[in-house]
Amino acid sequence: MQKLDDVTKKINGRKILVVGDIIADVYLDGRISRISREAPVLILEEEGRKIVAGGAANVVANIATLGGEVYVVGVVGDDFNGESLRNILREHDVHIEGIVMDKTRPTISKTRVIAGGRATVSQQIVRIDKESKDPLSKKMEAALIAKLDKILPLVDGIVLSDYGSGTITNAVKKLVIRHAGQNKVPSMVDSRYNIGEFSGVGFAKQNDTELAAFVGHPVNDMTSLIEAGTELLKKLNAHGVLITRGEYGMSLFERGGAVHHIPVADRSEVFDVSGAGDTCVAAFILCLTAAFSPTVSARVANYAAGIAVRKLGTSTVNFIELDKVLERV
Numbered sequence: 092m093q094k095l096d097d098v099t100k101k102i103n104g105r106k107i108l109v110v111g112d113i114i115a116d117v118y119l120d121g122r123i124s125r126i127s128r129e130a131p132v133l134i135l136e137e138e139g140r141k142i143v144a145g146g147a148a149n150v151v152a153n154i155a156t157l158g159g160e161v162y163v164v165g166v167v168g169d170d171f172n173g174e175s176l177r178n179i180l181r182e183h184d185v186h187i188e189g190i191v192m193d194k195t196r197p198t199i200s201k202t203r204v205i206a207g208g209r210a211t212v213s214q215q216i217v218r219i220d221k222e223s224k225d226p227l228s229k230k231m232e233a234a235l236i237a238k239l240d241k242i243l244p245l246v247d248g249i250v251l252s253d254y255g256s257g258t259i260t261n262a263v264k265k266l267v268i269r270h271a272g273q274n275k276v277p278s279m280v281d282s283r284y285n286i287g288e289f290s291g292v293g294f295a296k297q298n299d300t301e302l303a304a305f306v307g308h309p310v311n312d313m314t315s316l317i318e319a320g321t322e323l324l325k326k327l328n329a330h331g332v333l334i335t336r337g338e339y340g341m342s343l344f345e346r347g348g349a350v351h352h353i354p355v356a357d358r359s360e361v362f363d364v365s366g367a368g369d370t371c372v373a374a375f376i377l378c379l380t381a382a383f384s385p386t387v388s389a390r391v392a393n394y395a396a397g398i399a400v401r402k403l404g405t406s407t408v409n410f411i412e413l414d415k416v417l418e419r420v
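What the sequence shown shows, in the working numbering, is residues 92 to 420, in sequence order.
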C-alpha cells in the first residue's frame, strides 16, 4: 500500500496544465455607516478591496502552493482585474504565457460586498457578477489552441476547469482530451454545468449537487449516490469519478466497479467551503502524475480540502500545511 508520508516530496515539481475560466474573486469590505435616506439600504464606508484568484486561476494557485509547476491557458480582458490576476499568478511563479487577452470582453469577476461594524459580525450582503455572455470568438479560440499546441507536450498532467463561461470550447476540449488519451497523460475535468460533454477524459470531479443535476434527480442516499456515480462514469468512459459530498467526505468510482467512500477529514472547524473543490482537484491531479493510485490520490485530496475549508474565502493550501496533516495520519 502506498504511504502518505512522502506525498509532498513526490508531487513537488510535477508539471500541470490548467485550462479554463479564469475568474477574479473580488472582496469589497465596508463598515456600516447609516441607513440611506434615498432608500431603505445600508450605506457602507469602503475599508478595503482585495482581488484573489478564482475559478481556474484558483486551481492554478493551489497547484503552485502545493509544489507543482503550473501552466495556465485561458482568457482575460484588457482591464484592472485581468492585470491583477496575471500579477497574482506571477507571484506564484506560474507560466502565464498561455493567457490571452480579449479586448472585446471583460475579465470574469465575482465581487462580494462584505458589510460589518464594531458590534456586528461581517457578512456578505450581495454578490455582483460580470462576464460576457457572447461565445468566444473564432480568433480567440484559435489563439488558445495555438497556446495549447506549444504547452501540451511539456506537461505531466492536465486539468479542465469549466465554470460555464465558455473558455473551454468544443475544439479546445477535443484537443486536450485527445492529447491526454494518446499520450497517456493524466487528465481531470471539473465542470459546473456540462460534465456530460467531456467523454474520454481520465477523471471527473463533481460535488453531489452537480451530480444530481447531471442525473436529473436527487442524490440523497447511498443507493442513489452509487447509481448516479456509476451512470456518470459510464457516460464519460472515464478511469474514475470523484464525488465530493460536503460533511460526508468523498466517494471515488473507478472503472471496473470499485467504489471507495472516504470520510471527511475533520468536522471540527469548517469556516468556508469556497474554493475547497479547487484544492481537491489540485491535490488529486498532482498525486496522479506522481504515480499514486486514484484511491491514495483521493485520500490526499480529501485531507487537502479539509485544510481549505478551515480558511475564510477563496484560499490556497500549501505543501507545508498538507505535509503536517499527512504526517499525523
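Be careful, since some hints might not be right.
Calculated lysine-lysine pairs in the DSSO-like style (CA-CA distance at most 27 Å, straight line) [unchecked claim]:
1) K141 x K402
2) K415 x K194
3) K141 x K201
4) K265 x K275
5) K194 x K325
6) K100 x K141
7) K275 x K224
8) K275 x K194
9) K224 x K201
10) K106 x K221
11) K194 x K230
12) K201 x K326
13) K229 x K194
14) K326 x K265
15) K241 x K275
16) K141 x K101
17) K241 x K265
18) K275 x K100
19) K224 x K194
20) K100 x K402
21) K221 x K201
22) K402 x K326
23) K229 x K265
24) K265 x K224
25) K141 x K221
26) K194 x K141
27) K106 x K224
28) K241 x K221
29) K101 x K194
30) K241 x K230
31) K229 x K241
32) K194 x K221
33) K326 x K101
34) K201 x K275
35) K415 x K221
36) K141 x K224
37) K265 x K194
38) K100 x K326
39) K201 x K241
For the record, the hints were derived by calculation from the structure and aren't laboratory data.
- Ascending list of hint numbers which this structure does not respect: 2, 5, 6, 7, 8, 10, 12, 16, 22, 27, 28, 29, 33, 34, 35, 38 and 39
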